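Each residue of the sequence shown is one higher than the one before, counting from 3 in my numbering.
Calculated from the structure, these hints are not laboratory results.
Hints are supplied without guarantee of correctness; some may be wrong.
Stated by the list, open to error - No farther apart than 30 Å at their CA atoms in a straight line, the calculated lysine-lysine pairs in the DSS-like style are these:
1) Lys668 - Lys1107
2) Lys814 - Lys909
3) Lys377 - Lys469
4) Lys971 - Lys982
5) Lys852 - Lys909
6) Lys954 - Lys852
7) Lys926 - Lys909
8) Lys562 - Lys480
Unchecked claim - Across the chosen pairs, the derived CB separations fall in these ranges:
9) Thr859 - Ser604: 48 to 56 Å
10) Val365 - Glu295: 16 to 24 Å
11) Arg849 - Ala672: 57 to 65 Å
12) Gln863 - Ser604: 42 to 50 Å
13) Val499 - Arg575: 51 to 59 Å
14) Lys540 - Lys668: 51 to 59 Å
15) Glu295 - Glu231: 22 to 30 Å
16) Ala995 - Asn1100: 31 to 39 Å
17) His537 - Lys909: 56 to 64 Å
18) Ala672 - Gly1073: 43 to 51 Å
19) Glu295 - Lys490: 52 to 60 Å
20) Arg746 - Arg1130: 16 to 24 Å
21) Gln1065 - Asp959: 31 to 39 Å
Quantities reported herein were computed from a predicted structural model and do not represent experimental measurements.
We put the CB at the ideal spot given by N, CA and C, even for glycine.
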Amino acid sequence: MLHSSFWHHGAGDLDLPAWWASVLQPSPASDSQPHDPPEESGRNAARLAAAQDGLFLDFLYPAKTLALMHRLSGSGWEGWQARQARVATAGRARHYSSKTTGPGKKPNASAPPPDEDLATDPETPSSDSGLKDPDAGSEDPGVDNVPAESDEDLATDPETPGSDAGLEYSDVDDAPAEFDDDSDPSHDDPFWDISPMPLPHTTEFESARYLEDLDSGQEWVHQVENPAEELRSLLEAGESDSTVIWKLWKKSRKATRTPELSAAALEYFSSVRPFVRTLAEEVVSIFKALDIEDRQNSSYRGAVVAYLSMGKLGRAALVHQECIDSGKAMSGNIATSDLLAHAIGKQNWQLAIEAYTAMSSLVGPQAEFWSVAEKSFKLSFLTESFLVHFRRMRLLTGRDPEQQDQIRAFASEFGARAIKQFAPNARTAASELDLYRLIMRLKRDRFLETRHFEHAMEGMLGSPKTKHTGKVPKVVRKLYHMYIATAKADPTITVDVKVLYTVLYAMTRTMNMSHGTRANGPRLDIGHVIEAATHFFKRPPNTMLELLMDSFANIGDVKKAKIYFRQIPVPQRKPWHYEYLLKAYAKRGDTVNATGMFEKISSLTGKTPHVRAWNVLLHAYVRNDDLVGASRVFDDLVASSERPDTYSFTAMLDLMSQRGDVDGVKDMFALAADFDPNMIQTTEVAGYLVTAFINADDIEAAELVAEQLRKRVASGRMEGSFRPIWNLLATAYALRRDVAATRRIYEEMQADGTMPDEMTYAALLQVLCLTGNTDGAYKILRLVIPMKLRKPLALHYAIVMGGYINQGSYEKVPYVDMLRKERGVRPSTSTRVAVAKAVALSEHVGRYRKERGEALTRTEQVVNDMILKESPWEWVTEPQTGLGLRSLQETAGAYLDIVMLIQGDRKAFDNVHQLYEAWQELHKTPKDPNTKTTDMTPPLRMLVALMNTQFKAEAYDEVERLWNLAVDKAAIMTKQALPKAAVNPERNRPANALPPARLHLLSRPLVIYLRTLHYQGRYADAQRIISELLAQGYVLDNLAWNLYIQLLARTGRISLAFSLCEQHLMPQWVGWRASGWRASSGSRRRHYWRTRGWDYMNINPTLTKRNVVMPQYRTMVFLAAALKYVRRLRAVGGGGALGNIDVDGNVPLTETLLRTTSPRTMAALQAMPLLQDDLQTRFLKEE
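Let the hints inform the model, and build the full structure from the sequences given.
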């Protein structure tokens, strides 16, 4: 049955000229573009392979019949008929253009325009001479690149009886589409910058203008008597004016042109740019006139380039082969790369194989053979085409191409070049999948080698995307397991240790990420690489062991660092290998063991350790938050033979700036300038002054300093990136819940050309969560951050979790944690604290609330799982949030604090005791006898949880003991110190001054202790404790001040309560709301519709800045009750009975005195609404 499309043709449509058959054939130049998508490229290649020898009106034939005809004839009957129909007639015209494009497609920008010289070429069939060019190739681009049957071509036609060459040469005039780009001069020719004989494309205007220049000017040339001698002298002198050389060459007689002169002229003309067709024809003419023995290496190179520029690929291949046969190819370049590129561009794979094999057998495989092809094409898009070609050869000949050494060598090298070119540029998941498919295609056709795996893995791991994100791609993980399995199955395969090191390095760069999950492809971790290295090399090489020691030292994993340290043979251990162990202790903040390892290094070397070791030891004290110890080590460094460097000073500056010690930072700057004035001219050092002002709660000064530093960076007087300083300001405003200021800093960053990084996004998430817009922060976490290719941090997830906890949306926290797991981000201590807190609060007061006395089963399960899985690197690798102020050694088990606090509120004292024992187990003495430990006091947050538990248990003596521990702990954490060399005698520093950033340390434990004193009736001790703390410089937070004033008001110390409220609470009082009330007849007070008094305070919890001190509603009620008592006492004529008199002891306490000493407090009490809530009913109800 005929195809339905047959009925759309008339009978006259079958009477077509012979050349029409070529139009129906696909053009390889336009059908597969270098910029096509991979899937389009594969389909084009397959379609080309299937239709390259297609029959005319092939849709009329049944599919099986068509397949049989293809098998019986490699070139196709229609193609043979088209070749036989060529006749040399004067009126014959070319009815088609070689520059074809598909319907609806934009013309290929890389396809060359028709050669204008053909119209005037006397040897062109379309000229008036009617002579046929024996070098003219097939005009049928769809006939499998079959050459014209000239005498020379017949000698190399594999279908011609007696042919020994075994290859097909095609001289198709239309060049491949990849060789032209009119938009960019650098793309006019793909070989413009790397080809030894570049072939720049010239337009008709440029060619005509160049020919006009050749024929005009330089009149003195016509007066030269001996043009040949003049030409020889100019060529030897390196004449650059091609018009002079051209005129002298044309003027010289053939009899005077010696072979040496002809070879020199040929080399010169082939190097002229633009290389127009006239020059190419002259080069060919000179080359043909030279005898074989007179042809030089440069002559063959010029002839190959000339033939290629004329579109005669077959002639170029013959010249190339002649050079190889003559033995002159060894003396230099003969344009092999240009020939190979043109053959690949036209997808003439048989010619490409022969040219590559012939040259490789002579000089061996050379990377330069592929230089032009790699520059001109995307080889990965052509891979399917040549694989289809080989499969067709297998079907036609019955032989396996992969068993032929020549074909296998070319296919393997082509695949390696394609992978090596494509892998580093695989930026998307689709491109990574294309690379994997490319390797699988090579495997399917049995051309796959282990180096293909190696090129793919090294290329992708070295790509900018992988370096930026730090995540090992899924394709690399798959290929690695295939690579190792293949090597284990075949003992002849040698695994490249460089590849193992590259994979290991990629994984160690992001220790906070897991590479592969159940839903994200095969898992690949460090253990896989170590197992492979042990299997193939008995033990990992020292370079890999050093990388592993450094990586695990960076995350504070002492155990793993020691394991790999012991694998280095003792004779090969160097003193700096011990520095890895020192670094591991330092990262954990273990100052005791770090000091011991430092002393061991000193004893091994017999001299003072390098300044690098000193800096690591200083870093240990920084991580442990020990300013006194760090100052002592710094003094020892200054007294030693080593000289402090920038890292030495930044360690001290870090400690001081975190405490808000602005004067200390300035003193260290002065000392650093004495050692090296350029040391403080970097943003890395100067930025610590901004940090100091921020922690001293002087954000305005910090921004002024930052502006001065930015101007210095802009003027070139200061080096370094300004991004960290931007991040400091953005984070500071975010913690103050200042959305406008945070956004302003972000916009200034962008205006300054500074791209946001991970910490910038952390600040944006923080400010959104603190202002109640956690859903917006979660959207940024899900959508924006992955698109920006930022390095994922567990900190981002912890911030969003904390936002949902603050909003009471405890059930949303597991979804955020699930997103973290899906993206392969390892948990941190901050995320564990957030998860534990959400689960515990959900069972305590949330959706899954349980009655008092019931066990928090989900909480216990989560905590036990965390205890088993917690690792030191969770609190070492990145910044943390939600942990409070604690040293690094105290960070393990930080999630236990909140659980203990909640269990204490529920009076589950046994559970609190078990959790405290679990914390002690985490910080117990290690089994290693060489490791020293000291007794560790619980951090302040855990002391608060323990005090709360003992208070609920009414164990007041135990509360007081824990309070004393908290006071001692705070004394250590607030101790100030300065290196002796940095002491400025002109600056009067108070001896016991507390650091500004740590003035609130005792506020939370003080609240519980005040309640304990209240229940014990020890009000005098409460006053004494508050007085001592204020005298030492501590600052009470809002809760502590309100509780203390409430105690004073309730115990008859009314005058003191009012004066303290006026002094400390009222300066930031914002008043009562002006709406939501109505006047009540018959009453002087305002009766509100609402029932909770704090709802009428003019406060927005989400916008109120932290550390704001103002009266609570409960405090106002207690002060109102005290005022009521004063009025009643005044009414009965008392006032001095309770001792509430003025300083002179004469005037009794009255309302008038309170209005005089505390006017704002009295005004606030007068405006307080009258409600029927529990507090006012209990304390203000009229009797």
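Consistency of the hints with the structure:
Proximity of lysine 668 to lysine 1107 is assessed by CA-CA distance (about 29 Å); at most 30 Å being required, the pair is judged to hold. Between lysine 814 and lysine 909, the direct Cα distance comes to roughly 27 Å. Compliance with the 30 Å bound is thereby established for this hinted pair. Proposed proximity of lysine 377 and lysine 469 is supported: the alpha carbons are some 24 Å apart, at most 30 Å. A C-alpha spacing of about 25 Å is found between lysine 971 and lysine 982, which places the hinted pair at or below 30 Å, so the restraint holds.
About 13 Å separates the Cα atoms of lysine 852 and lysine 909, which keeps this hinted pair within 30 Å; it holds. For the suggested pair lysine 954 and lysine 852, the alpha carbons sit about 19 Å apart, so the restraint of at most 30 Å is met. For the suggested pair lysine 926 and lysine 909, the alpha carbons sit about 27 Å apart, so the restraint of at most 30 Å is met. A C-alpha spacing of about 26 Å is found between lysine 562 and lysine 480, which places the hinted pair at or below 30 Å, so the restraint holds.
For threonine 859 and serine 604, the Cβ-Cβ distance of about 54 Å falls inside the hinted range of 48 to 56 Å, so the restraint holds. At roughly 22 Å, the beta-carbon separation of valine 365 and glutamate 295 lies within the given 16 to 24 Å, and the hint holds. Evaluation of the 57 to 65 Å hint for arginine 849 and alanine 672 yields a pass: the beta carbon distance comes to about 58 Å. For the pair glutamine 863 and serine 604, the beta carbons lie near 49 Å from each other, so the given range of 42 to 50 Å is met.
Look at valine 499 against arginine 575: about 21 Å separates their beta carbons, and that is not inside 51 to 59 Å. Judged by the Cβ atoms, the range 51 to 59 Å given for lysine 540 and lysine 668 holds: they are separated by roughly 57 Å. Between glutamate 295 and glutamate 231 the beta carbons are some 24 Å apart, a value that agrees with the proposed interval 22 to 30 Å. Checked against the given bound of 31 to 39 Å, the beta carbons of alanine 995 and asparagine 1100, roughly 36 Å apart, stay inside it.
Against the hinted window of 56 to 64 Å, the Cβ-Cβ separation of histidine 537 and lysine 909 comes to about 58 Å, which satisfies the hint. The hinted window of 43 to 51 Å between alanine 672 and glycine 1073 holds, with their beta carbons roughly 48 Å apart. For the pair glutamate 295 and lysine 490, the supplied restraint of 52 to 60 Å holds, since their beta-carbon distance comes to about 57 Å. Checking the proposed 16 to 24 Å range against arginine 746 and arginine 1130 shows it is violated: the Cβ atoms sit about 54 Å from each other.
Hint check: glutamine 1065 to aspartate 959, Cβ distance near 34 Å, so the stated range 31 to 39 Å holds.
Checked against the numbered hints above, the structure violates hints 13 and 20; every other hint is satisfied.
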